[in-house]
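**Q** Read off the chains here:
Protein chains: 2
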Amino acid sequence: MKSFCLFENGIIADIVCEASSLDGVKRIAGTVSEDLSLVTGKKPNVTNGLEDCRNGNVVIVATLGQSALMDSLMERRLLDAKDIVGKRECYLMKLVGTPFPEFPNIKQALLIIGSDKRGTIYGMFRLSELCGVSPLVFWGDAIPEKKEKVRLEFANDIVSKEPSVKYRGFFINDEWPAFGKWCAERYGDVNAKAYDKVFELVLRLKGNYMWPAMWNSSFWQDGPDLENARLADEYGVVIGTSHHEPLCRAGVEWQRQYKNYGDDNAWSFVSNSDAITEFWKGGIQRSKGLENVITIGMRGENDSHLMGKDATLQNNIVVLKKAITVQNQLIKDIVNPDLREVPRMFAIYKEVEDFFFGVDGSEGLRNWNGIDDVILLLSDDNHGNLRAIPQPTDKPHSGGYGIYYHFDYHGAPVSYEWLNHTNLVKAWEQLTMAYEHGIREMWIVNVGDIKGNEYPLSFFMNLAYDYEKWGVSNLDSAAEYTRQWLDAQFGNAVSAEQKTQIHGILDAYTWWSAVRIPESLNPSVFKNNFHEIENAHAAIVNVMSKTDTLRKELPQQCLSAYESMVYYPVMAFFNSMLVNLEAGMNHIHADRGTLVANQFSASLLEKISLDRHYVDEFHKFLGGKWNHMMESAHMCFRSWDDHNWTYPIAQTVAPIPYAKIVVSFRGDNAYNIGHHWQDRTPICNSEMTRPDVSEVSFDIDSRGDVDFSFAITCDKPWLSFSQTHGVSCLKDQPRTSIKAICDRVKLDGGDVALVQIDFAFTNGEKKQAFLNVRAGNNDYSHCPGAFLESQNYLCIPADKYNSKVDVEGTGWSVVPRLGRIGNAIKSFPVTKNWENPSNRPYVQYDFIVSETREYVVSFYLSPRNPRIKGGTIEGCFSVNDNQPELFDIVQPNYYAEWVDKEWNYGVTNNIRKVNVAASFNQGLNSLRFYAADPNAILEKIVIHPKDIPLAATHLAPPESYRVPLK
Amino acid sequence: MKSFCLFENGIIADIVCEASSLDGVKRIAGTVSEDLSLVTGKKPNVTNGLEDCRNGNVVIVATLGQSALMDSLMERRLLDAKDIVGKRECYLMKLVGTPFPEFPNIKQALLIIGSDKRGTIYGMFRLSELCGVSPLVFWGDAIPEKKEKVRLEFANDIVSKEPSVKYRGFFINDEWPAFGKWCAERYGDVNAKAYDKVFELVLRLKGNYMWPAMWNSSFWQDGPDLENARLADEYGVVIGTSHHEPLCRAGVEWQRQYKNYGDDNAWSFVSNSDAITEFWKGGIQRSKGLENVITIGMRGENDSHLMGKDATLQNNIVVLKKAITVQNQLIKDIVNPDLREVPRMFAIYKEVEDFFFGVDGSEGLRNWNGIDDVILLLSDDNHGNLRAIPQPTDKPHSGGYGIYYHFDYHGAPVSYEWLNHTNLVKAWEQLTMAYEHGIREMWIVNVGDIKGNEYPLSFFMNLAYDYEKWGVSNLDSAAEYTRQWLDAQFGNAVSAEQKTQIHGILDAYTWWSAVRIPESLNPSVFKNNFHEIENAHAAIVNVMSKTDTLRKELPQQCLSAYESMVYYPVMAFFNSMLVNLEAGMNHIHADRGTLVANQFSASLLEKISLDRHYVDEFHKFLGGKWNHMMESAHMCFRSWDDHNWTYPIAQTVAPIPYAKIVVSFRGDNAYNIGHHWQDRTPICNSEMTRPDVSEVSFDIDSRGDVDFSFAITCDKPWLSFSQTHGVSCLKDQPRTSIKAICDRVKLDGGDVALVQIDFAFTNGEKKQAFLNVRAGNNDYSHCPGAFLESQNYLCIPADKYNSKVDVEGTGWSVVPRLGRIGNAIKSFPVTKNWENPSNRPYVQYDFIVSETREYVVSFYLSPRNPRIKGGTIEGCFSVNDNQPELFDIVQPNYYAEWVDKEWNYGVTNNIRKVNVAASFNQGLNSLRFYAADPNAILEKIVIHPKDIPLAATHLAPPESYRVPLK
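Each protein sequence line maps, in turn, to chains A and B.
At position 917 of the first sequence the residue is numbered 917 (my numbering), and the sequence of numbers has no breaks.
At position 867 of the second sequence the residue is numbered 867 (my numbering), and the sequence of numbers has no breaks.
Derived by calculation from the structure, the hints in this document are not laboratory data.
Treat each hint with caution, since some may be false.
Since the list gives no way to pick out one identical chain from another, each pair is judged satisfied if it fits inside one copy or across any two copies.
Claimed, not checked - The calculated lysine-lysine pairs, modelled on DSBU-like cross-linking and capped at a C-alpha distance of 35 Å, are: (1) K946 / K901; (2) K766 / K181; (3) K193 / K767; (4) K767 / K625; (5) K766 / K625; (6) K767 / K620; (7) K259 / K716; (8) K869 / K946; (9) K620 / K766; (10) K527 / K901; (11) K499 / K42; (12) K767 / K309; (13) K309 / K716; (14) K731 / K625; (15) K766 / K193; (16) K309 / K766; (17) K767 / K259.
Hey, can you work out the whole structure from these sequences and the hints?
**A** Spelled out as structure tokens, the structure:
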């Protein structure tokens with residue numbers, strides 16, 4: 001008998017949760033009962049014992065050691081719990097028939113037995129999930145599919161694994177205005193009513209740990225009183241505090257309470273250590289008996305330094321040691337004389353990294369026994385890139401390591417607090433690096449307001465819970481996870497094809513939003529060159545259109561999840577991109593003085609009004625359930641935070657009362673305002689030197705309001721035009737666009753056509769403009785698979801290598817979607833740093849250049865940080881038959897903080913470009929990129945002649961033409 | 001009998017012009033007859049002899065040696081012409097009673113006798129002027145006042161003087177689109193019909209010389225045929241050609257005609273000398289017998305160099321000498337074997353200056369006998385500043401010197417072809433320098449399209465004609481001339497007060513238009529700091545309002561002259577300034593993101609439409625008489641010519657949906673967007689540290705559309721506010737302006753007030769902004785007349801010195817209106833260069849500084865060029881009791897061409913700022929500025945502490961407060 005009928009014919013199984021159960025288990029039994037009622041329309045009874053069961057099928061939830069029923073089953077050998085006994089947070093689901101002779105009416109019992117409280121709860125929520133209830137039933141508005149019948153199949157017992165990472169959770173941070181206002185309006189405060197929903201989420205996501213909101217909240221006071229902490233303990237959620245809130249004290253408490261401890265409000269362990277010690281003592285006394293990880297260490301208030309700017313590193317270290325010594329003593333005195341028994345955490349965040357490692361001859365805390373047995377919480381660089389991480393050669397640390405990761409950040413160079421912009425693959429790549437380097441004790445992620453980050457948060461929690469499944473060995477982890485996640489949110493009512501479409505939308509959304517976060521985007525980021533703005537605009541409009549269409553197509557029951565987690569964030573985000581792209585075009589054309597600028601201006605103002613529209617609509621959605629949650633400022637920041645921002649300026653061109661045309665190739669910054677006697681150099685387009693381009697466009701714009709007719713002539717037979725004559729009507733249509741089409745049959749090799757446009761204006765004036773169109777039709781079939789230089793550049797995606805050589809099974813792998821836009825290659829295993837240049841794995845790229853000369857090779861790399869504090873990232877390449885050359889991917893003294901321009905550039909633009917010089921010979925060449933540092937992740941290679949500047953782009957010029965493989 | 005009744009009771013005197021008179025005299029007799037009919041309504045008969053005279057009073061016009069009547073009078077001793085006999089271009093006006101016994105009916109004759117043709121003509125036009133006909137009757141639409149009776153008083157005979165400068169005239173240049181289109185439409189071409197009006201103007205202005213238009217015209221072909229040249233000769237207008245049109249050939253002729261001389265169209269005396277020689281020969285043959293000054297020398301076409309870029313100076317000099325040798329020989333062969341008899345001119349323009357002076361060891365043409373007896377035409381720098389001029393120590397040049405001056409220019413750094421922008425005083429100052437340095441043989445001015453430059457052209461011609469009256473000894477020359485000029489244009493119908501108002505308008509117009517010509521003005525030139533934009537805007541609106549009011553008040557008969565020469569150019573010019581000033585404010589506020597930007601945007605677009613309006617209206621004025629004359633592009637040039645210009649962009653701010661105020665002091669670039677926890681530095685205003693300022697304004701603007709109320713509090717009793725509470729209504733009024741008023745009675749010395757503004761927004765948010773207001777009330781009465789440092793600067797107008805010391809009657813004089821804005825001081829005599837530092841004249845400035853420290857002293861000087869090629873301009877100053885220090889006003893290797901940044905800056909901004917370092921002591925200091933180079937013309941002194949940057953302005957910060965004199 002392998003199936004359990006939970007619900008059928010209007011009858012639902014009861015849930016038995018004995019009176020001896022832990023309070024948290026009882027509470028979740030009620031929650032799961034609610035879940036099941038959402039699916040079935042019938043709410044199961046939660047009973048204390050079998051006596052009250054009305055039906056033949058029951059679900060019995062219990063925790064080992066807390067249940068007489070389970071003890072009875074085990075005594076009778078009907079149950080063997082050996083798979084979970086003594087394990088952390090495990091559960092067993094087992095189906096048993098007529099298990100209790102004294103209750104013969106109970107035909108079947110589904111046992112959900114936990115090794116401990118959280119194990120039991122995870123097991124119960126597993127039942128909800130099996131019935132189709134998403135962990136995001138509340139936070140993602142994932143309304144489960146209604147069912148007439150729920151029959152669960154159990155081919156085997158379900159035995160859960162021990163979670164991979166010990167403490168797994170998130171930090172509600174930077175929570176104003178969104179989460180803060182939402183709580184205030186919905187619950188009256190960031191109080192226990194609000195945390196009820198939060199703790200539930202922690203557990204549904206198989207987490208066990210949380211840092212509470214602290215910008216303007218005191219977790220231990222605002223519950224009200226201790227209610228928040230008490231509720232957490234009941235749920236079994238371990239509470240920690242952020243890196244600068246030691247000893248279970250909220251950050252705001254000191255200024256609220258210092259008068260209880262003295263007259264001085266200085267947060268200084270130099271001048272005010274007695275009062276602060278008493279303050280800490282109060283914190284630890286208050287939390288005693290509740291399940292906490294106690295933060296130790298000390299930082300200045302508001303993320304500032306511990307001591308004044310004139311203090312030395314050594315001064316700071318001395319004070320920090322003194323503080324930790326006092327903290328440890330307080331914990332010994334109050335909590336447990338054996339510190340090893342007390343979970344403690346010391347965060348090595350920002351400048352604390354210097355205090356820990358020591359620099360400039362100062363001995364840090366690294367080898368100090370005051371932090372023995374303490375979890376050392378490392379951090380990313382606030383932008384998802386690991387900083388210093390433990391190396392295989394390091395001395396093991398008794399307390400283990402944790403990682404503080406960011407899906408949301410409030411700080412320099414620019415905050416991101418509005419929507420999700422996490423590329424799951426990037427998070428996967430860095431978090432697996434962390435795990436592989438032994439960071440397994442604690443994973444905590446800054447999740448902002450929660451809302452908006454449901455998707456990456458789910459992935460993060462699952463990766464931390466089940467590393468074996470989602471970890472480094474699974475290169476397709478993020479995509480596979482997303483498919484599973486979409487199934488959980490949308491169930492069966494949404495077709496596989498629709499899910500694939502949603503998957504594509506999420507991919508596009510997180511990809512583009514990671515390219516440049518909305519907050520740091522502005523109208524000058526994307527460039528007109530190489531059609532960059534135009535192409536981005538078209539791609540975005542396309543995704544928005546799909547997103548909108550799906551909204552119309554999806555079944556009603558799925559709409560709330562779709563709108564909540566897909567439609568609104570996707571549309572709002574992409575619209576914010578359109579605002580900037582259209583402003584960019586508006587400004588470019590206004591600078592040219594062309595009337596077409598005013599069309600972009602009108603469109604820009606419409607997009608700005610849509611920005612307000614999407615936010616407002618989301619706030620009204622579901623009767624205002626999420627009011628305020630999208631309220632964060634999110635565009636064109638002029639400083640690191642939301643204090644200083646504006647919408648882009650809309651620029652209006654007033655026509656000049658003269659005959660004045662402006663001619664330009666589409667997607668190119670160069671333009672021509674008509675022949676001038678001092679300069680008749682034509683503007684030039686070379687796109688058709690690519691064998692795969694046979695059409696280019698140019699635009700005839702006007703600065704003036706004098707209409708004209710025009711006639712196009714050309715000196716070459718291979719070039720024709722979509723029209724050769726025309727008449728303007730500037731009032732209605734300020735731009736005329738013409739296609740120039742290359743007939744390659746008539747083309748023999750490379751050639752340049754001179755295009756002449758003669759204008760006759762209605763005021764009698766005549767003007768001319770000249771264009772050059774360059775095209776090529778050479779045969780490259782002798783170089784199959786090689787990339788072709790044209791328009792004076794080469795752009796080769798890293799994953800499109802021509803050959804790959806591994807060494808002893810190690811080497812480069814393509815990681816799909818890891819790049820800023822596109823795949824990337826990364827060397828595996830991730831803990832291996834290749835030392836010996838003679839035997840490195842490599843990938844090789846073949847390409848054809850037009851002339852023998854000096855070139856600049858730009859490696860486009862993911863903006864990772866050195867693995868070792870103060871270290872570098874080594875890269876290695878070779879050209880043709882030359883010896884491999886090592887180069888540094890970051891500058892000496894690189895520092896993963898906002899004071900470092902290189903780091904700033906990297907995290908702002910999500911790319912690091914490193915240039916090396918190389919000589920190539922006319923014709924076929926090869927370039928090898930070798931495995932060196934595992935943090936050298938290659939996305940693209942862009943090559944251009946040293947003496948010919950490459951027109952600016954935000955992303956890169958388009959991928960070069962590749963000669964077909966034979 | 002001292003009065004002559006020209007017209008009374010409907011009877012007008014006849015004009016007798018004997019048949020023996022020169023054709024030109026006869027023609028002008030007709031012209032004057034027309035003039036008189038404009039005044040009287042009755043046209044005098046022009047008769048060949050006394051026989052035909054119908055009336056008792058006659059005007060007899062005659063030229064000595066061409067008139068039997070005059071010979072008869074002289075024989076009978078009724079006329080003595082000794083005052084004019086043998087003189088150039090003189091006339092005698094004499095009244096004689098019953099002069100001819102054979103014609104007893106002739107009671108009175110007004111004799112107008114010329115020493116030569118032009119003398120006679122000047123005498124005749126003098127009669128017109130005496131009757132109230134302006135020389136600008138056609139070109140300035142100066143309709144003379146109608147009179148019932150014309151009785152002319154002659155206390156004495158009128159004997160004219162010999163003109164001061166031998167050849168006096170103008171160059172119609174850069175004549176497209178305005179003059180060119182005007183001629184084409186009105187006369188069919190730039191032909192004799194058009195030149196008829198031009199030659200008449202030359203003579204009415206007592207000129208004798210002209211360079212014809214040559215951009216697209218051939219003077220000797222387009223008359224048609226030789227009609228232009230023939231007409232000029234008849235009028236007695238000497239024809240020259242521009243600097244690059246040798247041997248009476250128009251510039252365009254070569255390309256039109258080279259096929260007559262060979263196959264090669266190269267304008268090269270290296271490769272094509274034979275053909276070019278023949279071409280020149282044709283030119284000189286064609287003009288033989290007509291009155292010309294023959295241009296010699298050679299230049300490349302289109303203002304280019306003679307030879308290729310790789311040619312050395314010496315190569316060029318050799319070719320130039322060869323060309324001149326050939327030219328001289330042609331002239332000898334064809335015109336006159338005695339070259340001394342043939343007026344010839346060699347223009348030392350631009351790079352020809354190098355060929356003339358020689359540089360880098362190359363011997364120039366300077367001492368070459370090929371240019372003996374040739375007028376050496378020096379040039380200004382195209383912007384009214386002399387370049388190298390002959391020095392008293394130079395060897396005299398047999399041919400004498402001329403000057404080519406510019407009221408219009410087509411070239412770098414930026415062309416000015418639209419309207420007049422000549423400050424008469426500046427032209428006077430440089431032209432008197434020229435005259436005093438012996439440049440007296442030829443004065444020719446590039447007058448653009450003529451129209452628009454009537455006013456400065458009149459002054460130029462009068463200065464050249466009567467240097468004794470208008471020259472260097474008359475410091476008030478320009479103002480006095482303007483009064484006379486206004487009398488001539490407006491007669492008695494306009495009151496003295498109205499004329500003073502028009503004078504003020506012309507002053508303001510030419511002053512502001514010289515500050516920065518409209519073509520090179522753009523929205524970022526004037527700055528918001530120190531109220532610069534605001535003050536300029538207010539001043540301009542004020543002048544425009546006066547200009548408009550006068551138009552309504554003036555009598556109908558004066559309106560055409562007023563609209564033609566005052567109203568339209570003044571309104572159009574000032575409106576073009578408003579366009580840029582309002583665009584400047586629009587851009588500043590758009591950059592701040594404030595909604596008030598949109599008010600400036602709307603106003604800017606209105607001003608742009610007015611730009612078209614004024615031009616269109618002027619073109620329709622007088623039935624379209626001047627159609628096309630204001631057609632030149634005139635705004636925001638992006639390159640040196642009109643090829644690339646646009647109106648300023650109008651910028652629109654879309655409100656952000658947040659509570660966000662922007663607070664700023666009026667006229668200051670600093671602004672505050674509300675208190676931020678990382679930075680609560682208040683913005684600060686120090687204007688009230690000036691004892692004469694007791695009120696400052698600040699503005700409350702908004703980026704967002706969330707309304708607010710505000711409350712202002714202040715920590716100091718001496719500061720009050722125009723309002724302390726208020727409520728915004730952003731939709732109607734995006735800005736709230738507040739005055740802060742200082743009660744000096746409550747102020748004891750210097751103090752700083754902290755102003756706090758608390759904002760309560762309608763969305764419930766609260767914000768704060770903080771301002772500092774600094775004020776001072778110290779007693780400086782112990783330093784009467786001293787200037788006071790405040791706001792960390794001193795600005796002292798050059799004419800407000802505290803004392804002046806002359807040496808032997810030489811030294812500094814204030815020249816009113818000579819500065820860019822304001823008076824300037826110049827040392828006299830202008831030929832004196834003070835050599836001996838121990839005995840220089842000086843002016844002394846006294847001022848008070850707040851702290852003993854290092855200061856930067858910026859001398860604001862007129863942007864003159866060194867008097868000597870390759871030389872410098874020396875300045876000299878001293879501080880307190882220190883020794884005088886010499887300093888260079890221009891950098892070494894200064895070059896008065898567009899390749900030199902310093903020169904470019906000077907002519908673009910009409911100022912040269914030279915910084916010197918100085919230490920001052922707290923309290924009273926003095927600074928002396930000594931006479932050194934006569935081209936060191938001081939306008940202002942601006943001083944600021946070395947360590948405190950001075951906020952940018954276009955003009956200068958406002959004049960500092962001066963302690964009252966006791």
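**Q** All hints, please: hold or fail.
**A** To see whether the hints hold, each was checked on the structure:
no. : hint        : verdict
1   : K946 / K901 : both (24 Å within a copy, 30 Å between copies)
2   : K766 / K181 : between (64 Å within a copy, 15 Å between copies)
3   : K193 / K767 : between (74 Å within a copy, 30 Å between copies)
4   : K767 / K625 : between (62 Å within a copy, 28 Å between copies)
5   : K766 / K625 : between (64 Å within a copy, 25 Å between copies)
6   : K767 / K620 : between (56 Å within a copy, 27 Å between copies)
7   : K259 / K716 : between (88 Å within a copy, 31 Å between copies)
8   : K869 / K946 : within (34 Å within a copy, 43 Å between copies)
9   : K620 / K766 : between (58 Å within a copy, 24 Å between copies)
10  : K527 / K901 : both (21 Å within a copy, 32 Å between copies)
11  : K499 / K42  : within (29 Å within a copy, 99 Å between copies)
12  : K767 / K309 : between (65 Å within a copy, 29 Å between copies)
13  : K309 / K716 : between (70 Å within a copy, 33 Å between copies)
14  : K731 / K625 : between (47 Å within a copy, 31 Å between copies)
15  : K766 / K193 : between (76 Å within a copy, 27 Å between copies)
16  : K309 / K766 : between (68 Å within a copy, 32 Å between copies)
17  : K767 / K259 : between (81 Å within a copy, 27 Å between copies)
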